[in-house]
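Enquirer: So the chains spell out like this:
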Amino acid sequence: MANYHSLSTLATFLAVRNQESHICLLLYLGKLTLSSTLMSLHKLIYLSLAIFLSITLAGVSNAATAPQYDSPELAVGLIPRTPQQIAAFYEARGFNKPMIKKLKQQCFITVWIHNKSSRVIWLDLAQWRFSNADGVITRPDRRYWKAVWNEMQIPLAHQSTFRWTLLPESLDFQPDEREGGNIVLPRNDKPLMIQATFPTGADKSGMPITINFNSIQCAKDP
Amino acid sequence: MRHIQQLWLVVLCLSLLSPGIAREPVTLPKGILQLAPYSAPSMELKDLDDEPYNLKEDNGVWVFVHFWASWCGPCREEMPAIQNMANTLQAEGLKLAMINTAEDEDTVFSFLSAHAPEVRPLMDRDGQVTEKWQPRGLPATYLVDPTGQVRYQALGGRAWDSPPYLAFLRRLLQNQ
Chain A
1 MANYHSLSTL ATFLAVRNQE SHICLLLYLG KLTLSSTLMS LHKLIYLSLA IFLSITLAGV
61 SNAATAPQYD SPELAVGLIP RTPQQIAAFY EARGFNKPMI KKLKQQCFIT VWIHNKSSRV
121 IWLDLAQWRF SNADGVITRP DRRYWKAVWN EMQIPLAHQS TFRWTLLPES LDFQPDEREG
181 GNIVLPRNDK PLMIQATFPT GADKSGMPIT INFNSIQCAK DP
Chain B
1 MRHIQQLWLV VLCLSLLSPG IAREPVTLPK GILQLAPYSA PSMELKDLDD EPYNLKEDNG
61 VWVFVHFWAS WCGPCREEMP AIQNMANTLQ AEGLKLAMIN TAEDEDTVFS FLSAHAPEVR
121 PLMDRDGQVT EKWQPRGLPA TYLVDPTGQV RYQALGGRAW DSPPYLAFLR RLLQNQ
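Protein chains in written order, with my numbering: chain A, 1 to 222; chain B, 1 to 176.
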């Protein structure tokens with residue numbers, strides 16, 4: 001029974017950390033081999049097949065929910081995070097239950113940005129537009145969160161950690177610079193549209209780059 | 001007389017060459033930004049043993065100021081390279097200020113045990129010193145010159161123990 005339980009845990013884990021799936025698979029198969037004296041061969045085959053499917057489905061699932069933009073100048077990726085992932089991350093940093101509860105109610109999207117060009121490209125979140133079928137979505141900014149955490153009397157250390165996990169409000173991405181962080185939106189089941197506009201040039205006088213991400217889903221717990 | 005002429009020629013050549021050497025710009029490795037110098041924000045922190053540290057006490061030498069957190073992936077990747085670099089360059093005069101941003105002792109201790117056991121962490125317990133420095137993100141590295149001016153900034157994590165970065169830092173130490 002322990003192995004069946006491990007399998008479901010593993011499948012969940014793989015959906016979360018697909019990149020490490022091969023290592024996990026090897027570890028799991030090692031464990032499986034050790035305990036195979038207690039199982040018949042056909043059960044072993046079914047389990048191996050289940051692992052293979054879980055890896056494949058995890059890959060498909062991630063591919064479907066992690067939109068990317070890539071050009072010779074700029075690469076941008078979005079990775080929606082499940083409430084479980086968010087809770088696990090912040091719980092491990094010692095955040096208290098009210099803070100975790102508040103965070104689990106949000107839609108977290110991890111954004112990574114790579115300036116592949118030889119000029120400055122600006123991240124300016126004030127120029128990003130978020131919407132769904134109901135209309136424009138207002139993104140709570142750092143001032144909002146600071147007020148919320150102060151109201152909840154959250155320790156400064158946890159407020160600081162939370163801020164450092166957010167995508168900067170504004171940053172002049174230098175050539176070859178990579179940075180990332182979370183954007184936090186009100187959780188909603190409807191597909192999101194994000195229009196991300198990046199001014200270019202040190203003084204923002206260059207032609208802006210505009211990227212449209214359509215049909216982004218806030219990630220749900222499995 | 002001929003020997004004196006040759007000597008003058010050598011002296012002349014050296015005098016022409018030396019200003020060029022002194023003014024030779026420091027070659028910047030990838031990801032290092034030269035900044036318009038500004039006074040380093042104040043930094044008074046304690047280490048894991050509760051020993052105080054003040055950045056001002058390191059006036060007169062170059063200081064490698066680094067902000068990190070255990071949850072940040074690039075910080076984990078970069079930390080062993082920083083320790084390797086420090087093992088070499090501290091003996092040559094480089095000082096390090098390794099500031100952990102807003103984590104507790106247990107987290108910092110267990111992280112460094114695994115990644116860089118010889119690094120002395122400074123504890124920015126409430127994250128307020130990090131806020132003052134306003135890094136672009138974590139990890140973040142600044143190089144503060146012997147007069148207390150911030151002169152360089154590194155973008156993200158860097159391979160500090162690789163030849164280009166070691167040569168760059170050595171050049172700074174030799175020019176101080």
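Hints listed in this document are in silico derivations from the structure and should not be mistaken for laboratory results.
Beta carbons are placed, not taken as given, at the ideal position from N, Cα and C, and that holds for glycine.
Don't take each hint at face value.
Stated by the list, open to error - Think about it this way: if two alpha-carbon atoms lie no more than 20 Å apart in a straight line, the pair counts; the simulated EDC-like pairs of lysine to aspartate or glutamate are:
{"id": "1", "chain 1": "B", "residue 1": "Lys30", "chain 2": "A", "residue 2": "Glu73"}
{"id": "2", "chain 1": "B", "residue 1": "Lys30", "chain 2": "A", "residue 2": "Asp172"}
{"id": "3", "chain 1": "B", "residue 1": "Lys30", "chain 2": "B", "residue 2": "Glu77"}
{"id": "4", "chain 1": "B", "residue 1": "Lys30", "chain 2": "A", "residue 2": "Glu177"}
{"id": "5", "chain 1": "A", "residue 1": "Lys116", "chain 2": "A", "residue 2": "Asp172"}
{"id": "6", "chain 1": "B", "residue 1": "Lys46", "chain 2": "B", "residue 2": "Asp58"}
{"id": "7", "chain 1": "B", "residue 1": "Lys95", "chain 2": "B", "residue 2": "Asp126"}
{"id": "8", "chain 1": "A", "residue 1": "Lys97", "chain 2": "B", "residue 2": "Asp104"}
{"id": "9", "chain 1": "A", "residue 1": "Lys146", "chain 2": "B", "residue 2": "Asp126"}
{"id": "10", "chain 1": "B", "residue 1": "Lys30", "chain 2": "A", "residue 2": "Asp176"}
{"id": "11", "chain 1": "A", "residue 1": "Lys146", "chain 2": "B", "residue 2": "Glu105"}
{"id": "12", "chain 1": "B", "residue 1": "Lys132", "chain 2": "A", "residue 2": "Glu169"}
{"id": "13", "chain 1": "B", "residue 1": "Lys132", "chain 2": "A", "residue 2": "Asp176"}
What the hints assert, rightly or not - Label pairs and their calculated CB-CB ranges:
{"id": "14", "chain 1": "A", "residue 1": "Thr197", "chain 2": "B", "residue 2": "Phe109", "range": "18 to 28 Å"}
{"id": "15", "chain 1": "B", "residue 1": "Pro146", "chain 2": "A", "residue 2": "Thr138", "range": "21 to 31 Å"}
{"id": "16", "chain 1": "B", "residue 1": "Glu77", "chain 2": "A", "residue 2": "Ser71", "range": "47 to 57 Å"}
{"id": "17", "chain 1": "A", "residue 1": "Gly206", "chain 2": "B", "residue 2": "Pro164", "range": "25 to 35 Å"}
Enquirer: Evaluate each hint against the coordinates.
Expert: Each hint, compared with the structure:
1. Using a Cα cut-off of 20 Å, the hinted pair lysine 30 (chain B) and glutamate 73 (chain A) holds, with the two alpha carbons roughly 18 Å apart.
2. Of the supplied pair hints, the one linking lysine 30 (chain B) and aspartate 172 (chain A) holds, its CA atoms being roughly 17 Å apart against a limit of 20 Å.
3. For the hint pairing lysine 30 (chain B) with glutamate 77 (chain B), the CA-to-CA distance comes to about 17 Å; that is within 20 Å, so the pair holds.
4. For the suggested pair lysine 30 (chain B) and glutamate 177 (chain A), the alpha carbons sit about 10 Å apart, so the restraint of at most 20 Å is met.
5. This hinted pair checks out: lysine 116 (chain A) and aspartate 172 (chain A) have alpha carbons roughly 13 Å apart, not beyond 20 Å.
6. A distance of roughly 15 Å separates the Cα atoms of lysine 46 (chain B) and aspartate 58 (chain B); the hinted pair therefore holds under the 20 Å criterion.
7. With a C-alpha separation of about 24 Å, the suggested pair lysine 95 (chain B) and aspartate 126 (chain B) falls outside the 20 Å cut-off, and the hint is violated.
8. Taking the CA atoms of lysine 97 (chain A) and aspartate 104 (chain B), the gap is near 18 Å; set against the 20 Å cutoff, the hint holds.
9. Between lysine 146 (chain A) and aspartate 126 (chain B) the CA atoms are separated by roughly 14 Å; this keeps the pair inside 20 Å, and the hint holds.
10. Taking the CA atoms of lysine 30 (chain B) and aspartate 176 (chain A), the gap is near 9 Å; set against the 20 Å cutoff, the hint holds.
11. Annotation: proposed proximity of lysine 146 (chain A) to glutamate 105 (chain B) is violated, straight-line Cα distance about 25 Å (limit 20 Å).
12. Restraint check for lysine 132 (chain B) and glutamate 169 (chain A): satisfied, since their Cα atoms lie roughly 17 Å apart, inside the 20 Å limit.
13. Distance restraint check for lysine 132 (chain B) and aspartate 176 (chain A): the Cα-Cα separation of roughly 26 Å exceeds the 20 Å cut-off, and the hinted pair is therefore not satisfied.
14. Checked against the hint of 18 to 28 Å, the pair threonine 197 (chain A) and phenylalanine 109 (chain B) fails, with Cβ atoms roughly 44 Å apart.
15. A hinted range of 21 to 31 Å is violated for the C-beta pair proline 146 (chain B) and threonine 138 (chain A), which are about 48 Å apart.
16. One distance hint, 47 to 57 Å for the beta-carbon pair glutamate 77 (chain B) and serine 71 (chain A), is violated here, with the actual separation near 26 Å.
17. At about 30 Å, the beta-carbon gap between glycine 206 (chain A) and proline 164 (chain B) stays in the expected band of 25 to 35 Å.
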